[in-house]
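Quick mapping for you: the protein sequence lines, in order, are chains R and Y. Quick note: the first sequence uses numbering that gives the first Met the number 0, first residue 0, plus one each step. Quick note: the second sequence uses numbering that gives the first Met the number 0, first residue 0, plus one each step.
Check before you lean on any hint, since a few could be wrong.
Taking CB as the label site, the calculated pair distances span [said to hold, decoys possible]:
#, chain 1, residue 1, chain 2, residue 2, range
1, Y, M0, R, G99, 30 to 38 Å
2, Y, A120, R, V156, 26 to 34 Å
3, Y, D205, R, I67, 27 to 35 Å
4, R, E12, Y, D230, 49 to 57 Å
5, Y, K70, R, T167, 56 to 64 Å
6, R, F101, Y, A120, 20 to 28 Å
7, Y, Y122, R, K130, 20 to 28 Å
8, R, T167, Y, E100, 20 to 28 Å
9, R, D65, Y, V207, 27 to 35 Å
No wet-lab data here; the hints were simulated from the structure. In this text, a Cβ means the ideal position worked out from N, Cα and C, and glycines have one as well.
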Amino acid sequence: MANGKKFEGVARELIALRIANEIPDGSYANLGIGIPTLVSNWIEGRDIVLEAEIGMLNCGPLAFGDDIDQDLINASCQPITEMPGSCYFCSSESFAMIRGGFMDYAVMGALQVAENGDYAGWNIPSSGRGKIGNIGGSMDLAVGARNVFIAMEHVTVTGEPKLLKSCTYPLTAKKCVKKVFTNLSVIDVTPQGFVLREVAPGLTAEDVQSVTEAKLIIAEDLKEMAL
Amino acid sequence: MDKVFPSIEEAIKDIPEGASVGFPGFFSCGNPVFLTRALAKQGTKNLTLVVMQLGVGNEEINELIQNGQVKKAVCNYPFYRSASKKSVFEQLLIAGNVECELYPMGTFAEKLRAAGAGIPAFYTPTGVGTYVAEGKEVRVFDGRECLLEKALKIDYGFIHAWKADHMGNLVFRKTSRNYNPDIARAARVAIVEAEEVVETGELDPDMVHLPSVYVKRVVKVGKPKIRIGID
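Generate coordinates for the entire structure from the input sequences, incorporating the hints supplied.
Next up, the structure:
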């Protein structure tokens with residue numbers, strides 16, 4: 000695995016596009032920081048309502064210039080805009096709707112995902128921060144959303160695998176991940192383990208397996224990533 | 000009933016050493032900046048802060064920490080996003096000079112809601128099998144493991160409202176609402192800084208976001224200058 004960063008795969012924007020294609024119209028969704036935020040660039044005109052855990056439904060696009068309002072930001076602290084149908088509410092209500100199962104999709108980044116659906120995304124032990132870290136809303140979204148999608152690079156910056164037999168970093172939640180979208184692949188998390196559904200253009204299942212610690216079950220109808 | 004105080008100093012002067020104080024605000028949005036600065040100036044020590052983040056977009060909190068007024072923080076987002084930059088709070092935590100109690104954001108919000116609603120504790124599926132489950136009772140409901148979490152009562156709540164009437168009915172603006180209603184309900188004494196104070200009767204009763212019963216004091220402050228963004 001020392002040379003794990005040998006495949007480039009698709010750009011972050013295209014991982015986001017692949018995820019946008021997976022979320023059907025009529026859905027309520029929450030997007031985390033990083034690649035997940037980019038999903039919002041691909042859903043303009045779609046009938047998808049974005050929730051921000053700060054306390055807003057139907058978040059509009061980013062605000063610029065005179066449209067910036069200091070009282071209107073998303074959960075990543077970016078100024079955003081209202082849209083027809085937007086509404087605001089307090090934090091306990093925001094997490095009531097998240098925990099209550101009203102979010103159809105939560106798209107989040109991750110440091111590690113295990114083949115049983117566990118994932119770790121809030122604390123890198125080597126950061127020197129000990130057992131304390133920025134949990135934010137990730138644990139609630141992971142247990143509350145009906146479908147938890149992970150969007151991430153397939154390996155770490157140093158080429159270490161992130162799709163593992165079991166997570167070694169502190170968990171965000173147990174057995175919650177439905178699908179993983181990376182620059183190299185689309186993978187379903189099933190009771191049998193990781194099922195490789197799609198590979199990035201130009202790659203084979205063997206390529207993806209070579210940078211994945213856990214064993215991949217190759218789907219019978221394995222396809223090129225649908226972009 | 001008239002809860003309007005003549006000045007911020009008057010509204011916070013009885014806060015004793017060792018008090019717990021709740022600060023709403025989600026990064027740069029909805030923070031009670033005027034009350035927080037006044038508490039830093041007052042110098043009250045040994046405080047427990049109940050707040051989402053420690054100086055990440057809410058720099059006023061750093062003044063309290065820098066002044067050595069803080070004993071403990073109850074929070075969900077304690078550090079700067081990047082591990083390479085250390086906040087004042089993180090430096091003090093490493094040095095062992097401050098305590099940190101950490102909860103997932105939704106559990107944090109529900110602990111406040113529960114406190115205000117007279118619910119002493121609740122079970123939640125959030126955090127099962129993680130760091131935050133350590134030492135907590137686990138019980139299975141409908142086949143799903145849940146953690147027992149306790150309500151979080153606080154002594155004083157600092158609230159930033161867009162509009163208040165003299166009775167203490169509040170209206171918030173856009174995403175600056177966030178934890179403000181939850182902190183107000185959880186606090187024994189909710190002190191409101193309002194950008195605008197109107198006569199009782201001027202707010203449309205159907206448009207009140209927080210009923211006056213949760214509010215003890217109101218001070219008029221104007222619109223704060225905010226820098227949007229976080230490190």
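Here is how each hint holds up against the structure:
{"no.": "1", "hint": "Y:M0 / R:G99: 30 to 38 Å", "result": "holds (36 Å)"}
{"no.": "2", "hint": "Y:A120 / R:V156: 26 to 34 Å", "result": "violated (42 Å)"}
{"no.": "3", "hint": "Y:D205 / R:I67: 27 to 35 Å", "result": "holds (30 Å)"}
{"no.": "4", "hint": "R:E12 / Y:D230: 49 to 57 Å", "result": "violated (25 Å)"}
{"no.": "5", "hint": "Y:K70 / R:T167: 56 to 64 Å", "result": "violated (34 Å)"}
{"no.": "6", "hint": "R:F101 / Y:A120: 20 to 28 Å", "result": "holds (24 Å)"}
{"no.": "7", "hint": "Y:Y122 / R:K130: 20 to 28 Å", "result": "holds (23 Å)"}
{"no.": "8", "hint": "R:T167 / Y:E100: 20 to 28 Å", "result": "holds (25 Å)"}
{"no.": "9", "hint": "R:D65 / Y:V207: 27 to 35 Å", "result": "holds (30 Å)"}
Hint check: violations occur at hints 2, 4, 5; the rest are consistent with the structure.
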